[in-house]
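A.B. asks: What follows is each chain in one-letter form.
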Amino acid sequence: MRKSFDKHWYAWAMVLPTVVVLSVLVFAPLVQGVYQSFTDVNESNQRSEICKKTLGGDEVCTPNPKASKFVGLDNYVDVLTGEQGHFWLQFTNTIVWTVACVTFHYGLGLGLAVMLNRRFRGRSFYRVALIVPWAVPAFVAAFAWRWIFDQQFGIFNGVLKAVGMDPVAWFDHRWSALFTAICANIWLGVPFMMVAILGGLQSISADLYEAAEMDGASPWQRFRNITLPGLRPVSSTVILLGTIWTFNMFPIIYFVTRGQPAGQTEILVTGAYRAGFEGIRDYSLAATYGVLILSILIVYASVYKRMLSKQGEVF
Amino acid sequence: MSSMPPATATETPAAVTPPRVRGREDRSLLASVALHGTLIVATFIALFPVLWVMLSSIKPASEIRRTEISLFASPTLENYRKVLFDTNFPQWFLNSVIVAAFTMVIGIAMSASAGYALSRFNFPGKRGLMWVFLLTQMFPVAILIVPIYTIMANLGLIDTKASLVIAYCTVAVPFCAWMLRGYFDTIPRELDEAAALDGLGPFGTFYRVILPLARPGLAVTAFYTFLTAWGEVAYAIAFMQTDDHYTLGAGLQQFVPQFSPRWDLLTAGAVLITIPAAIVFFFAQKHLVAGLTAGGTKG
Amino acid sequence: MPTSVTFDQATRIYPGMTTPAVSALDLEVRPGEFLVLVGPSGSGKSTALRMLAGLEDVNQGRILIGDKDVTHLRPKDRDIAMVFQNYALYPHMSVAENMGFALKIAGSPKADIEARVLEAAKILDLVDYLDRKPKALSGGQRQRVAMGRAIVRQPQVFLMDEPLSNLDAKLRVSTRTQIASLQRRLDTTTVYVTHDQVEAMTMGDRVAVLKDGLLQQVDTPLGLYDNPTNAFVAGFIGSPAMNLGTFTVADGHALIGGAKVPLPRSTVGAITGDQVQVGFRPEALELSSETDPGSFPVEALVIEELGSDAFLYGNLIGDDLRADHIVARIAPRSVPAKGAKVWFTIAPGRIHAFDVETGDALPTD
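Residue numbers (my numbering), protein chains in the order written: chain A, 7 to 321; chain B, 1288 to 1586; chain C, 712 to 1076.
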């Protein structure tokens, strides 16, 4: 033990700040959140004691008769059966939202990266220009897209009118509203994918392409047999991260659709947030949502990882 | 691109011009047009929202609220004046600068040292920590925000900038440490060993040899942490309660309430918010590919 | 005064491995000596050097520099300097800063550092490059900077880990002699690791041969060449390599390609079974005729004509084909034709014999 400390103390010292912050602010809250999901805690009953100042200035505390209590799995039953909130609607939205966003992020990112990986005039200009959306804070982008799709003053409807079509009330229908949010998020997320994939492309040895060319492979065959396999390590990581990030992407939905119409475009994360911080703050409901979201992601990540390791890929 | 084929030595002036052969590096005209066409469209889409907001921000409010499209219409800085002098925007901006700067500095310090330890040392708990880092990426804001709110309230930190800095570090550090570990892995270990022989301890090696060499990785980390802090909304709205303490993420939405949104103020504010992010971005962008290649991509 | 270096039963087992990378190494490097550790990859030669440097833990045994036990000292407290295979120059420092870095860490006065760096730069012909970054140097110059970094410290021991392997062939030969002469001049104890036996033979005062973490033999280059203790050392040292083959023994003779080659009496006495591993160096073969006693036929496949020398590579003809390839040094400029059948005898006293089971050398007096 002592020897182990002598040998590793500097490594531990280097990770200590991170570990402390994470355990105080990620794991303690996580445990507490899981606990809250089994109670009926909300804004009005969160105190376990009610304290009153006496005339002498002392505090007298009595147990709160309406304090939150343990309710077992009630929250989960309520949420999953639709008694409380709109879990399945939001779940469907989340899946559509995540699949659409990640597919386009990866597809467009890959396409642009392959193009930028060639040698041609103006390449560095395109590269910088195409990463610009990354530099825009998400909530600013959300407002910008909200405005672009604005029914009265938005440029999108302006263009439609200019070519003689009827303006669309984007935020009056579930799918058109979701479409605007997906557009905004694709715009925001492609640069990260593009840069990551571009890095992956540059790490593929040029010799491989020359060897394949000598073997008579067509450009398409080279793409299929060298580029895509060579990108596997990068792709597997960015798709996993991208999925998780998109799943938990808060500001876009929150500001672009604001759940319009009538909460129909809410995804799980924004739904949980509204439960916890709007109206009467229902902490237990938010926590229940949180546990469900986390479970979905953990299942997804482990299935994803198993799929990869079956194909001989370990990360 | 269309570089000329190497000029053949023409000693006899009457020599027939050699047939124009397509060199390996050349691309057919069609392919060139397709390549540039696609990229121009992509660039247009990438830049359009930014440019449109910038153009709109110098239109008078009345122009913004018109249904016809116009690029320029009596340009004016009136929107900026209103944002800067008639609203609390400057205060929010200052708050955001402070929060983002602290997050950036603390985040880099924490993730760099953790990333270095993960890259170089085999210590008990290393594998577990790597897992935790990956796992924290999955935690939705929703499950953490209420308990963190409670903790912050107990510490008396609600409505303070410190609460946001700490919260943002938990978001940014795991990813950054993971990425920096990958970057440090690309720096040859022999440099550490040479430093050990030259008389440096682990901390000296880290500070005097490795950090100066990790600039691309650190630039990406800086960019990422800054942007995380600058653009975060959920914690900001939940933690900050007085208008004076709002950061931009929490404040900006006040310009565009559900009814009668002030798009004139919003566009000007959006441009002002994006400027610092853009500055950090352009310092980092040169390193983005290198930093991310080494880092985010290899597990 | 130069110091000695002693490995005393030093053992290194990597975590999670069952076999040691270096197993109970006993080795004494004499003061001022140039000792070369040589072996194939995975032999533990680099590990042994890194244990001495303090870059690897020593799991058992001790390491001493002079009389001082350094087994658990940190690298910086061992008074050593190391030249790495890839030089490990700090990319963000100039040549002068690289060379003076250790002194700077140790807190030497600035003027002192400058003087010593300049002196080393003069020795290594680097004066014009002191302000450059490593990136702006050629491979050979970087190698010299790495040497300079070690020299500047004036350590008790130089450690060199394959410092020439990143140079091209021609530069490697000239740098080889430079390093050897520099070491003589500085008279500093040096431990040098290489996988190249030519380097080992040309540079070392003594050479230690390692295989699978075990020390096989330590001797002067010529001692290794003439008296290898086992078949591995015999085959590893020398270029082209020694011919080694397993042959049947019958009444005091080895049956080589149908020929009966007489074995020394002491060898015959030590043979346990009915087979023996016989070795002979290419230059121990003499062209002969079919009628000479003990001569065996070889089909010439390739002739390497080098001008000063010529080598014949061929197949042993005969029923006992255990050693397919035979290499013989022959007189240049009048070589047999390709495909010709030539006869060889082994020069008297130039035959080596090894036990078939253990590979240990058998007496040949």
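Hints in this document: simulated from the structure, not taken from any laboratory.
Mixed in with the good hints there might be a few duds.
[Claimed, not checked] With beta-carbon atoms standing in for the labels, derived distance ranges: (1) C:N797 to B:L1334: 36 to 46 Å; (2) B:A1318 to A:E284: 35 to 45 Å; (3) B:P1544 to A:F76: 50 to 60 Å; (4) A:C67 to B:P1411: 43 to 53 Å; (5) C:P1074 to A:M220: 23 to 33 Å; (6) B:L1442 to C:P802: 36 to 46 Å; (7) A:V25 to C:R785: 18 to 28 Å; (8) B:V1384 to C:Q889: 33 to 43 Å; (9) B:V1384 to A:V25: 21 to 31 Å; (10) C:D780 to B:D1472: 44 to 54 Å; (11) B:P1544 to C:K844: 25 to 35 Å; (12) B:D1373 to C:K844: 39 to 49 Å.
Using N, Cα and C, we set each Cβ at its ideal position, and we do this for glycine too.
A.B. asks: Does the structure break any of the earlier hints, and which numbers would those be?
C.D. replies: 2, 3, 5, 8, 10, 11, 12
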